[in-house]
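Student: From first to last, the protein sequence lines stand for chains A and B. Start counting the first sequence at 2; every next residue gets the next number (the working numbering). Start counting the second sequence at 20; every next residue gets the next number (the working numbering).
Worth flagging that the hints you see were computed from the coordinates, not collected in a lab. Take these hints with a grain of salt, some might be off.
[To be verified] Below, computed lysine to any residue pairings styled on SDA-like, alpha-carbon distance capped at 25 Å: (1) Lys-101(B) <-> Thr-64(B); (2) Lys-210(B) <-> Thr-127(A); (3) Lys-296(B) <-> Ala-268(A); (4) Lys-203(A) <-> Val-87(A); (5) Lys-250(B) <-> Asp-65(A); (6) Lys-115(B) <-> Thr-49(A); (7) Lys-210(B) <-> Lys-203(A); (8) Lys-70(B) <-> Lys-353(B); (9) Lys-250(B) <-> Tyr-228(A); (10) Lys-115(B) <-> Val-87(A); (11) Lys-210(B) <-> Thr-49(A); (12) Lys-250(B) <-> Lys-203(A); (13) Lys-94(B) <-> Pro-318(B); (14) Lys-334(B) <-> Lys-353(B); (15) Lys-199(B) <-> Gln-257(B); (16) Lys-115(B) <-> Ile-229(A); (17) Lys-210(B) <-> Val-87(A); (18) Lys-365(B) <-> Lys-250(B).
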Amino acid sequence: MNGESKPLSRRLIPYWLMGPGLLWLVLFFVIPLYFMARLALESGTLETGFSFTWEWANFTDGWDRYSEQFFRSFIYAGSATLIALVIAYPLAYAIAFRGGRWKNALLFAVVAPFFTTYLIRTIAWTTILSDNGVVVDVLRTIGILGDDGRVLATPAAVIAGITYNFLPFMVLPIYASLERLDPGLIEAAKDLYSSSRAAFLKVTLPLSMPGIVAGTLLTFIPAAGDYINVIFLGSTNTSMVGNAIQSLYLNTREYPTAAALSFILMAVIMAVVVIYIRFAGSEALMGEEEEAT
Amino acid sequence: MRIGARGFVRSLVAAAVLLAALLLAACGGGGSGIEGGADTGNVSTAAAEGKPSGTLSISNWPFYIDNQTVPDFEKATGISVKYQEDVNDNSEFFGKMQPLLDQGESGGRDIMVVTDWMANKMHNLGYLQDFDQEAVKPAMDNLVPSLQSPSFDPDRSFSLPWQSGMTGLVVNTAEAPDVKSVNDLFDPQYKGQVEMLTEMRDTVPLVMKADGVDPTTATKQDWLDAIDKIKEASDSGQIRKFTGNNYTNDLANGDAVAVIGWSGDAIQLQADNPDIKFVMPEQGCMIWSDNMVIPVGAPNPTAAYAWMNYVYEPKNQAQITDYNFYFSPVAGVKPLIEKTDPQAAKSPLIFPTDTYTKNCTTQVDPPGSDEDVADVEQAFQAVVTG
Chain A
2 MNGESKPLSR RLIPYWLMGP GLLWLVLFFV IPLYFMARLA LESGTLETGF SFTWEWANFT
62 DGWDRYSEQF FRSFIYAGSA TLIALVIAYP LAYAIAFRGG RWKNALLFAV VAPFFTTYLI
122 RTIAWTTILS DNGVVVDVLR TIGILGDDGR VLATPAAVIA GITYNFLPFM VLPIYASLER
182 LDPGLIEAAK DLYSSSRAAF LKVTLPLSMP GIVAGTLLTF IPAAGDYINV IFLGSTNTSM
242 VGNAIQSLYL NTREYPTAAA LSFILMAVIM AVVVIYIRFA GSEALMGEEE EAT
Chain B
20 MRIGARGFVR SLVAAAVLLA ALLLAACGGG GSGIEGGADT GNVSTAAAEG KPSGTLSISN
80 WPFYIDNQTV PDFEKATGIS VKYQEDVNDN SEFFGKMQPL LDQGESGGRD IMVVTDWMAN
140 KMHNLGYLQD FDQEAVKPAM DNLVPSLQSP SFDPDRSFSL PWQSGMTGLV VNTAEAPDVK
200 SVNDLFDPQY KGQVEMLTEM RDTVPLVMKA DGVDPTTATK QDWLDAIDKI KEASDSGQIR
260 KFTGNNYTND LANGDAVAVI GWSGDAIQLQ ADNPDIKFVM PEQGCMIWSD NMVIPVGAPN
320 PTAAYAWMNY VYEPKNQAQI TDYNFYFSPV AGVKPLIEKT DPQAAKSPLI FPTDTYTKNC
380 TTQVDPPGSD EDVADVEQAF QAVVTG
């Protein structure tokens, strides 16, 4: 009712506000996506030229050749997301509830390493984890690694690298949801004779679900397509689907297969995310809006 | 009213799509921009016009030039130089440039430096221009005889070497004193401490040579067999990884003890760790050149020739050679280096003798049609990608 009594120009404001974002999305997402879809269905080589032939075989061919890298990507990204969650939740909890006047400083400490570029930080790990470095030396001494064991060029190094590189994307959303939490609710739970454990499980955890869901998505989605960590910390036997796409595009220049593989990756990530959101409950992601409607 | 609002959104989207389509059309026509297709017979000559001036843009590999040559050239000619070190791997550089070159654009580049086989490939695709022989004559006159007529460009009509070098073994001789042949890289005692190059034309022929196959007469099957041998070593963890320039870090860290690598890198590494040495494989090395080429759409070829002639003057060239320690393609450099750096002048890696390189092979492509080459490339990439 309210809206209809306002003049047209006022009602159009939201759309004008959406305009630039929409234009951006169309220009740099929808249109490139169209060309990529077209490319994925082309056939030919660079020498003979590519032509559009509805070449669906690019998809099956890409999958047949690189399904191993696909599974690896999801296992690595999934493990990294879980480890990041296990590290990030207590950290965010401590900062939000026990941080006191150090809150801002602690948050800054979480983000500070990320003022250095991603590549430099990843390359730095190759020195830290070097076969002749301190870390490997200690791990060998305490027997976690064999005498000629190593960390670099193993799946563990790649997963650790991904976890490290995406950790802030996990910490910050969880922190934001915990920080907003009204401590009165926890006190109320305790007044009603709930143990600390039950209060956490029944009050704190459910209320921080939006942060957990947002954090896991922000970590998992880019991690599944990552290829930098493999290049520096991994080896041939740890390559992920991002490496396969990079190599198809830049080394063997099979542009159609590369595009098809990118589409498969996008589709699989989308499917995983949809299932996850269904499972985790969409109200967790959308906050209370879902309940309101 | 709500439907009206939706209609508005719809028209907004339509307008945005239309606008974007117009923009794209303005940016150089339909299609995805990745069309490819050979365009031979259409090679134009990059004519020199008048006195060189303006701006010159060069794309070269990292660690290939000293700090002084570019400013000296600018002072001598009044040309301002944009020198970019954006070539790290022939295939990757090609992958980045191809969509531009296919539109007849070079992204402002006047000179690019690529290895023999890539220069050949770009030329076959019509992505390069022929030299104006008149304009580049001073440089050509100084080119060493051994590099004057390579098989891919017998008249040097579109390529001029920047530097040449050898691919062989780079070994930490304190950790792996027994590595003398490429076959020793497959020795289990070095498991996980061996690396090979992602450049197929370096790695595969060296493995072949170690098994007694001559790369210049090798069949497609010989290439695939060598790739199989590499794959086995990679799957078993014998080979730690495949790298471009970054094997130098792993050698310096001690994570790798013996690798397939480039001669100039070995000399640069040796400066920090005297144990790291270039080892000539018993069965010989691979020899390649990186060449200056002028791409289609180069805005200032006149300045490009001025640069080629400048770096081909022995005294200017000596300054570059004394920095990067690769073979110089310019005659008359050795006496100059003898004066400034007598030790470098004695190094067989910089001024190789015929006996030192007697078993070496000039880099070659896999044999056969484009599809055969693509098959071999795919097989090798499958190993490198895992």
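Student: Run every hint past the structure and note whether it holds.
Tutor: Results of checking the hints against the structure:
Simply put, Lys-101(B) and Thr-64(B) have alpha-carbon atoms about 23 Å apart, close enough for the 25 Å limit, and the pair holds. Between Lys-210(B) and Thr-127(A) the alpha-carbon distance is near 19 Å, which keeps this suggested pair within the 25 Å criterion. A C-alpha spacing of about 49 Å is found between Lys-296(B) and Ala-268(A), which places the hinted pair above 25 Å, so the restraint is violated. Straight-line distance between C-alpha atoms of Lys-203(A) and Val-87(A) comes to about 19 Å, which keeps the hinted pair within the 25 Å bound.
At roughly 18 Å between alpha-carbon atoms, Lys-250(B) and Asp-65(A) fall within 25 Å of each other, so this suggested pair holds. Taken as a hint, the Lys-115(B) and Thr-49(A) pair is honoured in the structure, with Cα atoms around 19 Å apart against an allowance of 25 Å. Of the supplied pair hints, the one linking Lys-210(B) and Lys-203(A) is violated, its CA atoms being roughly 53 Å apart against a limit of 25 Å. Of the supplied pair hints, the one linking Lys-70(B) and Lys-353(B) is violated, its CA atoms being roughly 31 Å apart against a limit of 25 Å.
Simply put, Lys-250(B) and Tyr-228(A) have alpha-carbon atoms about 21 Å apart, close enough for the 25 Å limit, and the pair holds. A threshold of 25 Å between alpha carbons decides the hint, and for Lys-115(B) with Val-87(A) the separation of about 40 Å lies outside it, so the pair is violated. Distance check on the hinted pair: Lys-210(B) and Thr-49(A) sit about 42 Å apart at the alpha-carbon level, beyond 25 Å; violated. A C-alpha spacing of about 54 Å is found between Lys-250(B) and Lys-203(A), which places the hinted pair above 25 Å, so the restraint is violated.
Annotation: proposed proximity of Lys-94(B) to Pro-318(B) holds, straight-line Cα distance about 21 Å (limit 25 Å). In summary, the hint linking Lys-334(B) to Lys-353(B) is supported, as the alpha carbons are separated by about 10 Å, within the 25 Å threshold. For the proposed pair Lys-199(B) and Gln-257(B), the alpha carbon gap of about 17 Å is at most 25 Å, so the pair holds. Restraint check for Lys-115(B) and Ile-229(A): satisfied, since their Cα atoms lie roughly 18 Å apart, inside the 25 Å limit.
At roughly 35 Å between alpha-carbon atoms, Lys-210(B) and Val-87(A) are farther apart than 25 Å, so this suggested pair is violated. This hinted pair does not check out: Lys-365(B) and Lys-250(B) have alpha carbons roughly 39 Å apart, beyond 25 Å.
Violated hints, listed in ascending order, are 3, 7, 8, 10, 11, 12, 17, 18; each of the other numbered hints is respected by the structure.
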